[in-house]
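Please model the complete structure; the sequences and the hints are all you need to start from.
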Amino acid sequence: MRFSRRSFVSGAAASAALVILPIRVAALDLSDDVAAHVNDILGGRDPREGGIELDAPAVAENGAQVPLTIRVDSPMSEHDHVTAIHIIATANPAPGIGSFHLTPHLTRAEVFTRIRLAEEQEYLVLAELSDGSVLQAAARTAVTQGGCVT
Amino acid sequence: MSTPRIRLPESASEGEEIEIRTLLTHPMITGVSSDDPRDMLTRFEARMNGETVFAYDFANGSAANPTFIFFVRAAAPGEFSFTWTHEDGQSVSAEESVRIS
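Protein sequences, first through last, are from chains H and Z. Residue numbers 1211 to 1360, in my numbering, belong to the letters of the first sequence in order. Residue numbers 155 to 255, in my numbering, belong to the letters of the second sequence in order.
These are calculated hints, taken from the structure and not from any lab test. Some hints could be false.
[Said to hold, decoys possible] From the derived model, a few chain H residues whose C-beta atoms are all more than 12 Å from chain Z:
#1 Ile1233
#2 Ala1236
#3 Ser1241
#4 Asp1256
#5 Leu1264
#6 Ala1294
#7 Arg1350
[As the list claims (entries may be wrong)] Okay, the calculated bits of chain Z under chain H, using three or more residues with CB under 8 Å as the criterion:
#8 207-216
#9 234-240
[Stated by the list, open to error] Cβ-Cβ distance ranges computed for the label pairs, FRET-style:
#10 H/Gly1260 x Z/Thr157: 24 to 32 Å
#11 Z/Glu249 x H/Thr1354: 33 to 41 Å
#12 Z/Ser188 x H/Asp1290: 40 to 48 Å
#13 H/Asp1239 x Z/Gln244: 36 to 44 Å
#14 Z/Arg253 x H/Asp1256: 44 to 52 Å
#15 H/Ala1245 x Z/Glu250: 18 to 26 Å
#16 H/Asp1283 x Z/Thr157: 33 to 41 Å
#17 H/Glu1330 x Z/Arg175: 37 to 45 Å
Beta carbons are placed, not taken as given, at the ideal position from N, Cα and C, and that holds for glycine.
Here it is, written out as structure tokens:
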């Protein structure tokens, strides 16, 4: 297999764009609306930071179609699995992006979908585990053209 | 609603991991920032042999033409069904079989 310099450089740039630095959810200043949405999901539980890997572009050209892969560190066994993964926007007109429901019939707690980001922002991911505990993580994606949240 | 597109393997061993990809063409209009009336799906469900294995509740931040990729432990007889339900109660479904050896 041969690589031209151009394809290597553009490939390297594309890979770099996929690297997003994890952001501590606790460090974010959430609006009342977003905090209320998160608290509804938590129901009084205290989430732990980490255990979640997010793959998304650092810069998205089109905010209406931002690819997002979520990986939660879980054996997905009958007694130890992820039951739900919630995605929450911090700067969309409404905080809810969507919620996955997982079962031990899945081999991994890895899911992919596309989300809408109206502007550059952090988004949160909360993962509920079968023991009732909750993991949390956040990422930030810049948006060249806002996702018309129509 | 349009015809769903599903990608999964034709065959698998019992217990083997299979990747499932789904796509439904749908505008997912929230009605927030335009005069167009709201036109949104509310739920996607994937079932294997009649049991729900994966589901998703849509909200305003879900993109148009919803796509999912997820990984299932294949089990006989390998009958899969996929259903997208609209907020108005209508739904569209697709069925697929994976030959389990």
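12 Å cut-off, C-beta based - H/Ala1236 kept clear of every residue in chain Z
22 Å, holds
Lying within 18 to 26 Å: is that true of the beta-carbon distance H/Ala1245 to Z/Glu250?
Violated: the Cβ-Cβ distance is about 41 Å, outside 18 to 26 Å.
12 Å Cβ clearance of H/Ser1241 from chain Z:
The claim holds: H/Ser1241 sits with its nearest Cβ about 15 Å from chain Z, beyond 12 Å.
Interface exclusion of H/Ile1233 relative to chain Z, criterion Cβ beyond 12 Å:
Check passes; 18 Å lies beyond 12 Å.
Starting from the range 33 to 41 Å, see whether the pair H/Asp1283 and Z/Thr157 falls in it by beta-carbon distance.
Given about 37 Å between the Cβ atoms, the range holds.
Status of H/Leu1264, Cβ more than 12 Å from any chain Z Cβ:
Nearest chain Z Cβ is 15 Å from H/Leu1264, so the label holds.
Verify that the Cβ of H/Arg1350 lies farther than 12 Å from every Cβ atom of chain Z, and report whether the claim holds or is violated.
H/Arg1350 clear of chain Z: closest Cβ-Cβ about 15 Å, beyond 12 Å.
Would you say the C-beta atoms of Z/Ser188 and H/Asp1290 sit inside 40 to 48 Å of each other?
44 Å, holds
Mind verifying the non-interface call on H/Asp1256? Its CB should be farther than 12 Å from each CB in chain Z.
24 Å, holds
So the hint says 24 to 32 Å: do the beta-carbon atoms of H/Gly1260 and Z/Thr157 match that?
41 Å, violated
Falls inside 44 to 52 Å, the C-beta gap from Z/Arg253 to H/Asp1256?
46 Å, holds
37 to 45 Å as the expected CB spacing between Z/Arg175 and H/Glu1330, which holds or is violated:
The hinted range 37 to 45 Å is violated for H/Glu1330 and Z/Arg175, with Cβ atoms some 29 Å apart.
Comparing the model with each numbered hint stated earlier shows that hints 6, 9, 10, 15 and 17 do not hold.
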